[in-house]
Amino acid sequence: MGLLRHISWLLAGLALLPACEFDQDAAFELQTVAGHFLVEDSLGRPQLWQWTPDGMGPEYPFARDAVGDLARWQEEAWVSLPEQQLLVQFHPQSLAIVQQISTAPYQAHYFQPGSREILLSDTMQKALIFYGKKDGRFLAADSLGTPGPLDYRSSHFYVAYAHGLVAIWQEDALAIRRSHVLPAPITDWQQEPTFRNIGFGATDSGLWQVNLNVNDYLLENDPALTSFEKVRISPYLRRIYEKESLATFRLSQGQITGVGLTGVQDFEMDFFENQLFFKQNNQLWRLNLLNNQLIEEGPFPFSMRKALFFALPIGE
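For the sequence shown, my numbering gives the first residue as 188, with consecutive numbering after it.
These aren't lab readings, by the way, just hints derived from the structure by calculation. The C-beta atom is built at its ideal place from N, Cα and C for all residues, glycine as well. Zero decoy hints are in this set.
What follows is a list of derived Cβ distance ranges for each label pair:
1) E216 - A349: 39 to 49 Å
2) A360 - Y423: 23 to 33 Å
3) S366 - M311: 14 to 24 Å
4) W260 - T239: 17 to 27 Å
5) E216 - D391: 39 to 49 Å
6) T310 - E407: 27 to 37 Å
7) S229 - K313: 23 to 33 Å
8) R426 - S289: 36 to 46 Å
9) I427 - F325: 38 to 48 Å
10) P370 - Y423: 25 to 35 Å
With a straight-line cut-off of 30 Å between C-alpha atoms, the simulated DSS-like cross-links for lysine-lysine are:
11) K493 - K321
12) K417 - K493
13) K493 - K313
14) K430 - K493
15) K493 - K320
16) K430 - K417
17) K313 - K417
Working from the sequences, and respecting the hints, build out all of it.
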């Protein structure tokens with residue numbers, strides 16, 4: 188009887204819809220409407236820059252002071268403001284503030300939202316802090332050193348410590364599932380769409396790379412030196428909209444693998460729209476890899492630490 192009742196409600200609701208032509212393909216067509224870049228100037232001071240199809244600039248009304256980190260949870264955009272002891276969730280397109288969370292007495296130099304928790308790295312106090320999304324409580328983890336860059340996948344937080352320790356924390360138990368000691372700290376996390384989290388560490392000779400299996404959280408290899416200066420890995424296994432990039436992009440000696448460019452200083456990749464943002468001669472360029480359209484975005488005397496891109500249905 189319950190199933191029949193639900194079906195009758197559904198039919199009644201459909202009967203109330205206005206008679207119209209409905210293009211399902213158009214209704215579900217997505218496009219990138221905004222990109223958010225965490226950048227550093229020549230003195231290492233971090234800033235936020237927003238890209239939209241109309242242009243690019245530091246137009247954040249809430250991020251006038253020093254920025255700590257930039258992160259996302261699903262389609263939520265977040266930024267930390269350590270000096271103000273704040274986390275700010277903002278609308279990725281309009282930049283309107285959705286919510287603010289006070290982190291006092293802690294500063295979130297790195298942070299990562301999860302399903303139930305938001306994890307904070309306070310590098311000054313050498314503190315790793317769990318913030319409960321529902322009850323707003325702070326819980327300090329046992330000190331294992333100075334925590335740094337964070338990642339989240341499949342209900343686990345990945346924590347890179349300054350002395351080379353990597354700890355994988357279970358979100359539900361707030362306990363360490365597994366840990367590894369590496370010869371140097373991980374400075375950047377990347378996710379393969381299958382079963383690997385990849386940590387990169389910076390050296391004068393290039394990046395070293397270590398692979399962690401997300402099923403058993405074991406290392407798949409010893410840290411291995413690469414010839415690359417930066418790597419960005421596609422999160423997609425297959426194309427749904429016939430435009431997503433499935434490739435991995437690597438920067439080495441001014442060239443990006445698979446792209447006919449030279450003199451590249453830095454880059455980030457919008458994998459959904461298959462467009463490459465790259466810095467060349469202190470100018471920022473955007474290259475659409477589907478049609479090879481090249482657009483100059485303007486002067487850009489910054490290095491790019493990370494970028495997040497957000498897609499919405501066309502017309503929103």
